[in-house]
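All you need for my numbering is the position in the sequence shown, starting with 1, plus 997.
A portion of the hints provided could be inaccurate.
[To be verified] BS3-like mimics (lysine-lysine), calculated; alpha carbons at most 25 Å apart, straight line:
1. K1047 to K1099
2. K999 to K1024
3. K1047 to K1036
4. K1072 to K1036
5. K1072 to K1024
6. K1024 to K1047
7. K999 to K1099
To be clear, the hints were calculated from the coordinates, so they are not data collected in a lab.
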Amino acid sequence: MKLGIIIYSNDPETVWNAFRLGIFFRKQGDTVSVFLLGKGVEVESLDSDKFDITGQIQSFSDIGGAILACGTCLKLRESEELGICSISTMQDLYTLIHDSDKVLSF
998 MKLGIIIYSN DPETVWNAFR LGIFFRKQGD TVSVFLLGKG VEVESLDSDK FDITGQIQSF
1058 SDIGGAILAC GTCLKLRESE ELGICSISTM QDLYTLIHDS DKVLSF
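Kindly produce the complete structure, drawing on both the sequences and the hints.
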């Protein structure tokens, strides 16, 4: 299965669980792509004592998960890029949605 996950939240627990789910799907052999949209592009600043989001992101990447981030959303936050992925466009989000068997939004 091809799973698309759109993360639009900057709530640490929500983002942590989205990546946990992505990791689980990857371990089942599924293809998983994450698109960070809106507040979701803030993921690198969300680590806390309870939620090791950076660790989840690294684990997701290590097992072949793909991460894309909205370039416009980054620019609105005066951030040029994330260290975890490349800058993407609405065309990339369209392709993720179009090519996925299922799409989840967090």
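Looking back at the hints listed earlier, which ones does the structure fail to meet?
1, 5
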